[in-house]
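Line by line, the protein sequences give chains R and W. Start counting the first sequence at 1; every next residue gets the next number (our numbering). Start counting the second sequence at 1001; every next residue gets the next number (our numbering).
Rather than coming from a laboratory, the hints here were simulated on the basis of the structure. Bear in mind the structure is a predicted one, so any value in this text is a computation, not a measurement. It is possible that some hints are incorrect.
To be verified - List time: in silico DMTMM-like cross-link candidates among lysine to aspartate or glutamate, alpha-carbon distance up to 25 Å: (1) K14/R <-> E1151/W; (2) K14/R <-> D1153/W; (3) K12/R <-> D1066/W; (4) K63/R <-> E1067/W.
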Amino acid sequence: MPGNMGNGTLMKNKIKVFRAMHDLTQDSLAQAIGVNRQTILAIEKGKYVPSLDLAFKIARHFKVNVEEVFTYEEEIPEETR
Amino acid sequence: MSYILYKRSMKKNSLYLLIGCVAIALVLIFWESDELHSPLLIMVAFVAAVALILFARSRVTDLIQDERDIKITEQAMTRTMLVFWVVFCAFSIGAVVQMLQVPTFSRPPPGQHLVTLLSPRMMGFVQLGLLCLMIFLYVGFRIYYARKYGEWDSDEE
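I would like the entire structure built from these sequences, with the hints used as guidance.
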């Protein structure tokens, strides 16, 4: 589920995929970057859009660029679909 | 209790225990303050209690407050203030209007006390009510934003 930014844009992420690739649990990832497990879960589910600082920390933890974990897309209005 | 305070670090549950003890102590001091007719006692005790809790909170080691927690707190505080200042201003303006009429107050009949909503006698109770309203508003908004930002979500993990 993508995180709605509230301005017609969506923030999607692949944290779950990267976690699976690195065989990491939400808890271990959360501990590694100094946040709560619930925060990782909220980001994965698109309920919370992380700050740039946290986004970079997550990407750096997986040793990839931030664009590979997070993608920023414009929401297409219903009537134009 | 003093052992907990002097330790360099403390656990989250110890903090909650301390908050409970402080709350009970405050109720007792409030009672005593009323008995002694000394409002200063409870006022000083309240400030000291908040300082004590903040000090103890800074020593808790297993309480992670990340950016999502801060955002939830900020949003809840902002919304609470937004509602609270409107209610508080409305009450204060009403109180000022009442105060301006002080010289023309009609005296109550002998043996009766005139108790109106904004009378000085009721002012303390209304303020207490407003304080309770603020606490309820904050708790309500906090639950709303915590839910919005996935506080109680569970995963298939």
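*Could you grab the alpha-carbon distance between K63/R and E1067/W and see if it respects the 25 Å cut-off?*
holds (22 Å)
*asked:* Please verify whether K14/R and E1151/W have alpha carbons no more than 25 Å apart.
replied: holds (20 Å)
_Pair hint K12/R and D1066/W, alpha-carbon separation not exceeding 25 Å_ = holds (21 Å)
_25 Å limit on alpha-carbon distance, applied to hinted pair K14/R and D1153/W_ = holds (18 Å)
When held up to the earlier numbered hints, the structure conflicts with none and fits them all.
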